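Order-wise, the sequence lines are chains C and H.
Residue -10 in the working numbering sits at position 4 of the first sequence; the count goes up by one each step and never skips.
Residue 174 in the working numbering sits at position 188 of the second sequence; the count goes up by one each step and never skips.
Each hint should be verified, as a subset may be incorrect.
Stated by the list, open to error - Subject to a maximum C-alpha distance of 25 angstroms in a straight line, what follows is the list of computed DSS-like cross-link-like pairs (lysine-lysine): (1) H:K277 x C:K310; (2) C:K29 x H:K29; (3) H:K277 x C:K29.
What the hints assert, rightly or not - Derived, one-sided and incomplete: chain C residues facing chain H with beta-carbon distance under 7 angstroms: (4) A27; (5) R54; (6) N71; (7) F271; (8) A303; (9) L308.
Keep in mind the hints are simulated off the structure, nothing from the lab.
Being a predicted model, the structure only gives us computed values, none of them experimental.
Glycine residues also receive a C-beta, built at the ideal position from the N, C-alpha and C atoms.
2 protein chains.
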Amino acid sequence: MADGFAFEVLHTDGAARAGLIRMPRGTVRTPAFMPVGTQGALKGVHWHEVRAAGADIVLGNTYHLMLRPGAERIAALGGLHRFINWPHPILTDSGGFQVMSLAELRKVDENGVIFRSHLDGAVVELTPERAIEIQRLLDADIAMQLDECLELPAQGAEIARATALSLRWAERCKRAFEGAPPGRALFGIVQGGDDARLRHESARALVDMGFDGYAIGGLAVGETQAVMLAMVDATVPHLPAQRPRYLMGVGTPEDLLAAVARGVDMFDCVLPTRNGRHGLAFTRFGAINLKNARHAGDPRPLDAESRCPAARDFSRAYLHHLVKANEALGGMLLSVVNLFYYQDLMAGMRDAIAAGNLAGFAGMTREGWARGDLPAP
Amino acid sequence: MADGFAFEVLHTDGAARAGLIRMPRGTVRTPAFMPVGTQGALKGVHWHEVRAAGADIVLGNTYHLMLRPGAERIAALGGLHRFINWPHPILTDSGGFQVMSLAELRKVDENGVIFRSHLDGAVVELTPERAIEIQRLLDADIAMQLDECLELPAQGAEIARATALSLRWAERCKRAFEGAPPGRALFGIVQGGDDARLRHESARALVDMGFDGYAIGGLAVGETQAVMLAMVDATVPHLPAQRPRYLMGVGTPEDLLAAVARGVDMFDCVLPTRNGRHGLAFTRFGAINLKNARHAGDPRPLDAESRCPAARDFSRAYLHHLVKANEALGGMLLSVVNLFYYQDLMAGMRDAIAAGNLAGFAGMTREGWARGDLPAP
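The shape of chain C in the complex, shown without the other chains:
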């Protein structure tokens, strides 16, 4: 539809796809990595740096924003884009995941979840209808259904119950989303824990309802990478080719390589900024721990050939010093380095898929990581 939400697959390479999600606020090149602006900000990173790194879309956390400053307040201020001064697409999660991980005294029933805010203890209710309402108030370009997300491992019966509940909530979310402005999208979330049969059932049921895109949720919650990838494999074949697929909360650079090869189009993760704050840089030489004393006298930049100014303009010795001295600038620079690296990895995969060479690109990338960091100067 004109001025609408549209996903176009431009190239395929095995199960992998490269494409474009067109939305009124901008176009997202897929496979896409979405940096996470939890409370309306990436930790230690300016919005113009997120854009310079190459992000087409970012993620906002409904749970955090509904508690502070509040969805109605953000709506009164013109929506989340204007509030954070990011005019490009934004995906918001439904709040479900963080209710499970952060809130106190939560109680899930058919209607929704009641919990105490981790900020002030206030009792808050989140239903499928309210989750959609909040995301409409935020004016998210892509909204997510409310789901119940379990930690793994979990009991089979418990997983089945939560998966079925999430499907009923998906229907209510879809109904609540009717009448959204043109170009706004709603994604369903496949659940099913580590049970391939449940994943299959969940995917089929969601596809029958019909969503603008499909997420694979309830992973990156403590399971091994093998389980995570097995669940991706159990799900992707049951999702329609013409809709984007989003693997929530994933992951490491290796996770991204593996999941794109399996047909995933979208990712989000806090690792670039969290690891940056802790002194860890993602590079084509693998992960580099700047706390390590071997960097203390090293005049070389992290990567002289990087597109990222922070990776080129400062010595490893300086970055080491900043990290050791707990200077905020250390985490700020390394977070930017990591955001650039993640975006460059996605761009490399997009180009490789277009060239029919994703396996070659992935092999070269993994070889670079395995070779490890530059030898001492």
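For chain C, the structure is supplied; the task is to place chain H on it using the hints.
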């Protein structure tokens, strides 16, 4: 001298002067405000933002850098400019002030000061000769003599003793500085506590020795603004017109207006970043506390007419949210706002001095502060 250090007074307006300090690494427009990069970084601010704000010169702290990562290390890495990636002029203090305020178990005698590092308890000696050596290793454009800095109030005899000792250290620093590369400057520091007679004597003795510039030290250490300005008044008339005058560790915007009118050319202070981290913005409407609930729903920027993007591009509601949510971006944005405001205040004073209208500019600026913030929307 060619390729040397030169100060040129371009305009005077009463006691105030506007001029240029030319150094091999760049020219500093005076009156100048020097942001403080304590441990080789401003807290929460990128170096390119310091430059964009308009800083011609920054300050590095010898005490911090000698302890971590060490002056010899920085020298091996090509000096402080290359280490922090700031190719423009840098002034370093002598370490004396922070030995007094931060170090443990310090012992001052004729030779120098012995103290325990606040980082690891290591015993470190700082003599006038070592202070100069460290600043040469850092390759500071402007080095400061070692002095003994007391907290005020202090006993008269104690002030007299420290002032006399600082003068003997000044001579030793001057001798140690001989043979510095062309264009590097050494400033003496006028001491004397809150005693105008001692200030006069200290200034005269330093001028007799002959320095490239003169600092007024030992202030902004607990005394009132009236005492601070009285000491400036007691000192400036005894300093040569053709040398820059630097009031160390000062101050608030009001302090800067008052001291420039009294003939001071250079300042340094951590207030722009420290207050920014604490949610306080300096603006032409006065200081604005973003923690205040009145900003929570305010869609207006801090100052739509500011030259600073951070003051224009984000709503007060967003800044309030970031500060309340302890998001690092809040302090980062407000620190940049404050650095721009300080530099714009200096630029405004320079222009006003050139136009012979400093009193008018100062009056208008104070009126703006007194009117206070914009009325509620």
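Do the hints match the structure? See the list:
| no. | hint | in the structure |
| --- | --- | --- |
| 1 | H:K277 x C:K310 | violated, 31 angstroms |
| 2 | C:K29 x H:K29 | holds, 15 angstroms |
| 3 | H:K277 x C:K29 | holds, 19 angstroms |
| 4 | A27 | holds, 4 angstroms |
| 5 | R54 | holds, 6 angstroms |
| 6 | N71 | holds, 5 angstroms |
| 7 | F271 | violated, 21 angstroms |
| 8 | A303 | holds, 5 angstroms |
| 9 | L308 | holds, 6 angstroms |
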